[in-house]
Structures are given as structure tokens and as C-alpha cells.
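Here the protein sequences come in this chain order: A and B.
For the first sequence, position 9 matches number 9 in our numbering, and the numbering has no gaps at all.
For the second sequence, position 350 matches number 350 in our numbering, and the numbering has no gaps at all.
The set of hints was computed from the structure by calculation and includes no laboratory data.
Predicted, not measured: the structure shown is a model, and the values here were computed from it.
Yeah, the Cβ is synthetic: ideal placement off N, Cα and C, and Gly gets one too.
Treat the hints with caution; some may be incorrect.
Straight-line alpha carbon distances no greater than 30 Å define the calculated DSBU-like cross-link-like pairs of lysine-lysine that follow [to be verified]:
1) A:381 x B:725
2) B:486 x A:357
3) A:101 x B:486
Covered by chain A, according to a simulated footprint, are these stretches of chain B (three or more residues, beta-carbon under 8 Å) [stated by the list, open to error]:
4) 27-33
5) 166-174
6) 693-700
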Amino acid sequence: MSDIQPVTWFEDPAHFRKVARREFIFTGLLGGLGLSMGELFKLRAEQAIGGKAIQAKAEACIHIYLPGGCAAQETWDPKPFAPIEYRGPLGTVDTNVPGVKFSQYMQNTAKIADKITVVRSMTHGEAAHERGTHNMFTGYRPSPAIKYPSFGSIISHEKGSRNNLPPYVCVPSVPNEFAATGYLSTAYGPFSLGADPATKGFSVRDLNMNASLTPARFDRRRTILNTVDEHFRTVEKSDSISAMDSFYQSAYALVSSPKAREAFNLEAEPQKIRDEYGAGQAGQRMLMARRLVESGVRFVSMTYGGWDMHANIARSMERTLPDFDKAYAALIRDLDRRGMLDKTLVMVSSEFGRTPKINNQAGRDHWPKVFSVAFAGGGFKGGYVHGSSDATGTEPENDPLTVENMASTVYNQLGIDGDKRLMAPGSRPIDIVRGGEVVKELLA
Amino acid sequence: MKSILLLSLSTILLPAALLAGTPRLSHVSPAAGQRGTEVEVSFSGTNLGDANGLQFDEPGLTCAEIKSENNRVKAKIKIAPEARLGEHNFRIITQSGISDVRLFYVTPFPLVAELAEDKVDSKKPQPISLGVTVTGASPNEDEDRYEVDMKKGQRLSVESIGARIQTQNFFDPAIAVLKADGTPIMQGDDGAFSRQDPVLSLIVPEDGKYLITIRDSTNSGPGQSSYLLNVGTFPRPIAVHPAGGMAGEEVKFTFIGDATGPIQRTIKLPDNPVDFHPLFVEDGQPAPQPITVRASPFPNALEAEPNDAIDKATPTGTAIPLACNGIIEKPGDVDYFKVSAKKGADYDIAVYARRLRSALDPVVEVYNAKGSRLGTNDDSGDADSYLRWKAPDDGDYFVAVRDQLARGGPAFTYRVEITNLAPRVALYLPEMTQNQNQDRRAVPVPKGNRYATLVRARRQDVGGDMTLQPVGLPDGITVSGGFMDKAVDTVPVVFEAKADAPTADKAFTLAAKFAEPDKANVPSKIEHLVYVAENGNQRPYYTVTEDRLAAAVTDAVPAKIELAQPKVPILQNGAMTLKVRVERTGDFKGPLTIGLLYAPPGIGTPGTVPIKEGENEGSLTISANSNAPAGKWKTCIVASVDTGKGPIWISTQLIELEIAPAPVAGSITRTFIDQGDEGSMTLKLEHKQPFEGKAKVQLVSLPNGVTCEEREITKDDKEVRFKLKAEPNAQAGQHKQVIARFILEKDGEPMMSSIAGGGILRVDKATVAAAK
């Protein structure tokens, strides 16, 4: 009868997420007046309170998110001396940092370990996918009272656009609802490619005009939109109108700027580089991320794989991890070669880790108590392992890293003070990060 | 948006694709046949291409012919005239495996297939005669309409079967009867008797044509949404009183809920007790679906109203064991029965209502003569009530039954069985794969090879060591294992087929025998519950409990595996590597995935391990935790191998795994070292049992940049001082994970135990050292 099959995040109906009704507002642009009134009236935070000026170490950030909850034991924090039911089925590889081992499927990453910081003591208390994801995308525990903005939206809000490019881009699509703007205006929302760079004949969904949309029609739509906006501007005197307006202006700028559009053109990349990253989803997405930050995008949020390995983790890792390893190592090398690593922060995270013991389906279940994340560039140390999990990977043993401290440190490197307060609807000042501190040990 | 939708659909469909294995049966069409006829049925699923035959639950159904093209299998099923009506279960047997259990219905009526919709008038009904079983489907918002011609005063009964034959998502049929002009007369969705597959019974008010409609109740019609629709003038009661009787006796039953009113029938129950016995009422035409009663080894007591107070309790007039039968006839009704109990005796009081499809949601209570409540239960028997109760004194007690929401009605029937404790054992093959309940729950044994399964026991009111003995296996299969220690409820059993065993399939049973003579007569039986309609990780919609297990001798597999018997025990807090050898035949080079089938108490495994393509050696490391009880256990390693027909499982022979305590315990003394310096770490030893010769001890999991040499000890050493060496760049800080390992070789095989853990070593920075 059938073999035990790996079941991952995307394959498990219990975890299946609804596709966002409107993944990206640019669809509204090309869809003419398809914009909902609710979004039109969404307030944006204009004012801000406090916050000191910080010299940015990193100009851009690539957030590589491993959805489903990546097992630290099979990636960054193997336990070769633990009993086998904790150790799991995989072996280890020595890295170029003495004494530090990664999983056997991280042969390439092992060779660039001297350029990255691995945190083996990441911790929070949310074992449900959506709550863990919220933590890792916003730096906040989920609240029933307010929606918090994602890292990308905060950076978009604080730093704005460069080179006519959207400041915040999702590859290939908005990964989850927490990657959105929260209480900030939708103007700070992510631009998503809407298609996977690894597919043949890939093109960004909203970057080129629909074939049936003639320039005349497009202009007419724009005129109608202006009329509508003008009406609301007069009647409502709402901030959101100007927010929307600026948003559309940047959208027009993007669509009409060939140079900006070129940032999305993977075909322009030499084949040798494309091969170095790997032809799979991980490689092409990471390559796209590099192209985007190189061109001026400030925050690229990228997902790869399904890491919710409740069953047969050995097979699932074999299927998922090597592509990540190849692409990630290529990305770090590539950024380094181009002299971009110092100015680009690469963060690898996941919503949580997985149970210390292998379960009876040969997999591991959800475990937020301790897991691993990795940082590279942007002023983070190289060849450094921060904190540790205990002998069985059950709890942090040294230097636990909280979500708030992680967020503060990331913002700090991007030149944003986490203590700064942004204004939420109802004139409610809310800290970018509540109670977080910059973890100096992580920084070079 | 379209592409997004497509993406989400394909993602949703993936779990179904995961069912791919050897072999899986997902859909049967039509899932019915008229008794006394031969019907052609087609099956879909995966890896069914080499189908050989069908294994039915009862005689009377036989496979006259089976042929396959790709994954489309067609069979001719011959149904004997005397075959039992109603639901049957069956599996497809292929040359390489045994499929899931699926359902097949024997009907008294000829089958009528749903016709294609009229292209001009999609609402035009399909005329059918009375006394037919329609086979159709209503997927995707489809509503099917049928038309019957009736005379005033005639009974029209309709039964639907849909939710039960949809296997991987949820189809919930809703039916209705309408006048020809579309005026609804009666509609049915869910009910206690029919659950999600509604039934209707009515007397038609005038001569004329009537419409019968069927659709998915949410109009979504997922998957095939196939249904069977029995339409006729047959009786369709929905409850019976009494809800059971004494096995072998004639019982006067009143069937309740038919449109014509109560129907009285005297029926002889089977000679041997049966948990759930189907009764088919006949009145002109026979009802195609049964009403279920209990056939018990004890007599009935029937309620005599009024009995709604202790002082009006119905006397049972017979000693325990007995069954009290009644109906909670109106809202607020409570029925009392007077029973006589013995001081100190334990009794089981079990209400059967929901399990027999009664509308009652029972609550049971026990009172003494003074009206003090001595016990109560609502839902311990699923939605039914179950109570274990000890009588404080000899005398009369009162058992009361009511509805949990104080509802009542003519169909609120129940049966309270009051019995002495009866030790018994139920055996089954446990679920192996989450959300794929039927995966690996039968015994297909490849010729010249082995297949292993876990067998689990539910020992009720009895404990002790048992041996499981298979009865009625196909010829050429032998069995090893089956001893079940009193401390566990699961054992691995290995089945081996001779190379020349004939291809065959058979349902077999297992008998459990206790080692202690006074338990020799404890009965055991197979209670193998499988999910027939399963939907992801939701609760199963429909289950079937089989009283036999399916076995088959299947085609040879070009790989066989052997497990080397370890010569030494695995030590507590230790690990051992089990070695597997693959013997390949022909040019088969494919990979295998191995795993330990049974982990004895305290034993841990890494899950599954691959043996790569072309390789003939594999190993699996297991560990024993500090609490693993010392003792000897049988276990084996199983492997899945894919020869192009989906994964096929094979097994090694059983080996004996001994768990023993480590001869030595230890503790690591806390210490520190400076970067670039040398130092020492002391391991204190406590000997538990003298060992011969020299054992190795080593410190592992040292901080980066700190090394230490292995040492040797004898049974006389009290402590070991390890020399430590720290590199100048050794990782500074406090390390709490230093482990001391003890390794003793015996008969050329190592015995390893981590005799101390959590050792603390602080590495100080060189600058700190210099400052000192």
C-alpha cells in the first residue's frame, strides 16, 4: 500500500490559505475603476511621534520566508549528539566556521557560513501557523484590536521609493495577509510579481499593459479615475485620496519607465548567474530579489517551499532543502561579489520551528519555543552563531532572541528607530516595535 | 483571478493525489445491484491496473469477471437471489495488493440509470416506475428530477444513498417530493435514522404524477456526487420497538415512522448474539435499507407506561443480565425500570439509541428506592450513554432514561442493556498513516517474501500476556510473532508467503489466548474499524467495522530484506545501529525506504531512512531512553519499494531486541578552561554492574575549538580525568551540553550509553586569562 508521503504546508488542506481577494492594488490600476470604496477610504498614518535618526547600515533587505515552519534540526541547528528520535534522520556537514555544523543538505551554505549569522535561539509562543507568521512578519503578537503593518510596509512608509521602483515587492506573490500594510495606508502595500520567476516565459502580471488595453483606453480610464478622485477630494477631504493619488503616480511612473521595468526582467541576467542560483523556484526567486534590490527596491519579501513537514521529514527535506541551499549560497556570494552584501540585509525566517522529537509519521510538528533564523550582510556579523538551543532542541539555552528584539535589530540596520511611533486610525500612536532592543551581539 | 483560482484548486486536490499507493479505490459506479442479477460495475482509483478479483464481506456476492484498462477497472458482480439486502463492503484484490474497503448495495429493485438532461428543457423530469433503484449523480449545482405516476392513497417511499459512497469529500444529498405543478409536499435532508442520506415516506393525496428531486444540500456537489435513489411503494419505518431481543427467539417488533402507521412483525432473531442485526420490513415491496436491532444473549424487559416515576417503575421481573426497551414518547418523558442488583457487584449499563439510529439522545441515571441518584451518564457511548456502576447493597434499584434535551416522540426508541462485567479482547490493525486511514490496513504478502503489520488489542476488563493466533489465512502463508506482553497493546506480526504459494485472497481472523489458565475462555474478536468516507483531517463521515481482516498472496517483489540479529543489548540512554541487507533479484536496482515497524517502550527512531538506488546495505539507528524498561522485545524493519505499481511493503524477519541498563553511571564535574590553554574535566563513575575488560569513555558535544582524547576504563575505575585542549579561537562562554559516552564491545559489537549529560564547561576569553 502507499508509502508514507511527505505532507507540507501547501498540501495540507488544514493549512490552505485563501488567496487574497486583491493581492495588489495595481490590479486596480489596470482594472480601471475596480478599486473598492473601502480601500479608498482607508486611512493612512501620516504623522509620526518620536524616533531618533539612525544611520542606515543596510539600504535594502531581502526577507526569505520559509512558510510552514522550518525545522531547525534539519537545517541550521542539527543535534548530532542527541538521541536519534531528537536528532532525526539527517546527517550534518561541517561549515567553514570551525565547530559549526549544518544539515547534510546545506553543503553550499556551509561554504559561506563565515558570511552569515545564525541565530539558534529564536523564540516565541505561537504554535499556530497564522499567529506565528504574524509574529515574524510584523514583530508583534497578533491582536484582535488592530492590524499591524509588515516590515515591508514600515520600510516603505519610512523610506519611500527609489529609482521609480516600488519600495516593497513580494516574490512571487503576497505570501499571507500579514505581509500587508496593517493600520498604514494601502499606499505602503507590496507590489507582487503575480507570477513565478521560475516559470517559462515569466512576466510580471501588472507591469505590461493587457494586450486588449490600448493607450487610448488606458488614458480614458486614467481620466475617469481622476474625475472620481477629484470628486472625493472635494467632498471628503480625506487623506486617503492623496495617498491613493501618490500611489497611482508611482504606478504610472513604474509602468512608463523602461529602466524600472528592466529590474523585473530575469532574461537580462547572464545564463551563468541564473545557473549558479539554480533553475528552480528558490534560485529564480532569489535572483529576482537580488535584481530588485540592486535596482532600488528597499524590501523584497520572498517565499520558497512548504516546510510544514508533519510526515516524512527526511523525504520532504531532500525535496525542498537542496534548492534553497544552492540558491541562498549563490545569493550571498553574488551580493558579496557585487559589493552589495554590506548594504543588503538578507534575513531567512519561518513562523516557528518543529518539535524536538520525530513523531510517528516520521515528521515533526509545530514548535515555537526555540528555532533558528539567519541573517547576512547589512551590518550583521559573519561566521557567528548567536545563542543555542538545549541538547534536545526543546528550549533556548543561551541568549534567547525574542521577536521584538529581532525586529528592533532589523529596523535599526535599515536606519529605522523601532521606538518611533506611527499614527494609527483614531489618532492612536503605536510603536514600530513595542519593547524591543537592538541586540548588539548580532552586529559586526 | 482565473489563474489564481486554478492554482488554489490544484493545491486543494493534492491531498487526494497523495493517496497514490498500492492500490487505492476511490469510486464505485454504480455502487448497487439487484439481487438475482449480474451487474457491471466500474471502479476508479490508483494502481488498480492489475486487479484480480473482489473480496466481499458475505457469500452471495461474487466477482464473475474483472478486467482493467489503465486505472479503469470493470467487474461483473453476480448477486445471488438470496443475498442479503442492503450495505455490503468489499475490497479489490490486485496482483500486488489489497485496496481500500468500499461499499456496495444489494437492492430488491432493478437499476435505472439517470439519463442525460433534456437539452431543450433542462427541468424536464425523467419518468421512472415504482420499485426502482436509480443510479445517478448531481455534481456542481445539478438537481435531478424524476417523475412517478401514483394513485391516491398509495404510499411513496424514497431513500437516498450518497454521503456514504463519496469517499474523499462531502456530498450531502437533499431530496423532495413535489406535485406535478411543482408544489412541494415533503422534503428531507438530515435525520437521526438516515443521517446525511435522507429518506421520505408519504401517502399521496390524489391521483397523478409526482416529482422527486435530489441535489447536494449546499448546491455545491463536490467530486462525483453519485447517488442511489430507491423509489417505490415499500415501507420506510425509521425506528423499531423493542430495539432488540434475545438471540434465537421470536420477537414481536413494532416498526415506527412509516406513512401508513406502525407495522407489526414477529421476527426470529439469529441464534448467535449479534451486535447490530439488520431487519428488512416487507409490506408489498421490501424496504431496501434495514432497521438495526441488537440480538443479545439475555432476555428483554418492555416498558409499561406509565413508568415516569420511581414508584411507577416498570418491574423487569428477571435477573441481570437483561435489556430494558422503551420509547420516550413525549417531551419531558422519563422511563423508570426496577432492577434487582447484588451488593458489591459491578454492572455495565449501556443505552443503545443513537447507535441504532433512534432520534433519542439518551441520558441514563440510577436511583435507589429513596430516590437518591447513585450514578448518571450522558455521552460515554458516543452520543449514547454508558455507565459502570457498583451496587452498594443487595436490593432494588431504578434505572431511568430520558432525552438530554427533554425531547420525545414516537421514534425516540431505546434499549438499556444491564450486564455483569464481561472480559473480552478486540483486535485490529491500527491506523498507520494520518489522514489516510485505510493505508496499510490489510495483509498483502508477496510470494517468497514477508509482510509485517502491527496488531493492536483492546483488553476490556482483563489483563495479561497473550498470544495471537491467526485463523483462516490463505494457503502458503506462515506467521511469526504474536506474543503480546501484558505491558503493551501492540505487537508486530510477520507474515511470510512461500515462493510457490498460489495467488489467493481470503479474509482471516486472529484469536487471542491468555497465558494464564483462568483467562483461557476470555473471548476475542476482530473489530477493525476503517474510515470509508474520510475528508482530510476532519472526523470521518462514515466508518465500517469489519470482523475479519483481508489477506492475499500477491506477486513476487524483486527485493527481499534481512535484518541482522544484534548480538548485544541496547543500553538505556544508548543507541544501536540495526543493519539491513537487501537481496535483489533480476535487474531491479530501485531505492527502498526503511523504518522500524514497532518501537518497544522507550525506543526512539529517526523515522524513515532511504537505501539508495543500487545499494544493498542499509542501517537504522535506534535509541533507548533512560526509562526504557529492561527486557526483550520482538521487532522488525519494513521497507517500501516501488517497482512501477506504486509502493509495495515488505518486511525483514523478526529479531529480538534486548534493552539493558548501562553498567556504569556518571557525573561530569563542572570546570573551566582558557582559550589557547589546556585543562581537565573529571567524570565520576558509579558502577551498577561489573563489566569485563576495558570500556571506552569519551566526552562529546564539546564547545567549538575544544578537544579531548578518548579514555579507557575498567570495572575498578572510580573516575576519569580527561585532558582538554582549547584552541586560541575556541568558542568562549558557558557550554552546558557536554556528554560522556561509555562504549563497551562485546562479540564484536558496541554497546553505547550516554552515562552523563549536561556537563558544564566554561571557556574564558584569552584576554580575561591574560588579565588574571
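Q | Agreement of residue 486 (chain B) and residue 357 (chain A) with the hint, judged by alpha carbon distance not exceeding 30 Å | A | holds (27 Å)
Q) Taking only the CA atoms, is the gap from residue 101 (chain A) to residue 486 (chain B) under or equal to 30 Å? A) violated (44 Å)
Q. Does the segment 693-700 of chain B contain three or more residues whose Cβ lies closer than 8 Å to a Cβ of chain A?
A. With 1 residues closer than 8 Å to chain A, the segment 693-700 of chain B misses the three-residue bar; violated.
(Q) For residue 381 (chain A) and residue 725 (chain B), compute the direct alpha-carbon distance and say whether it is at most 30 Å. (A) holds (27 Å)
Q. Taking a Cβ-Cβ distance under 8 Å as contact, does the segment 27-33 of chain B have three or more residues in contact with chain A?
A. Violated - the segment 27-33 of chain B has 0 residues with a Cβ nearer than 8 Å to chain A, which falls short of three.
Q. Three or more residues of the segment 166-174 of chain B near chain A by CB distance under 8 Å?
A. violated (count 0)
This entry does not satisfy hints 3, 4, 5, 6, going by the numbered hints stated previously.
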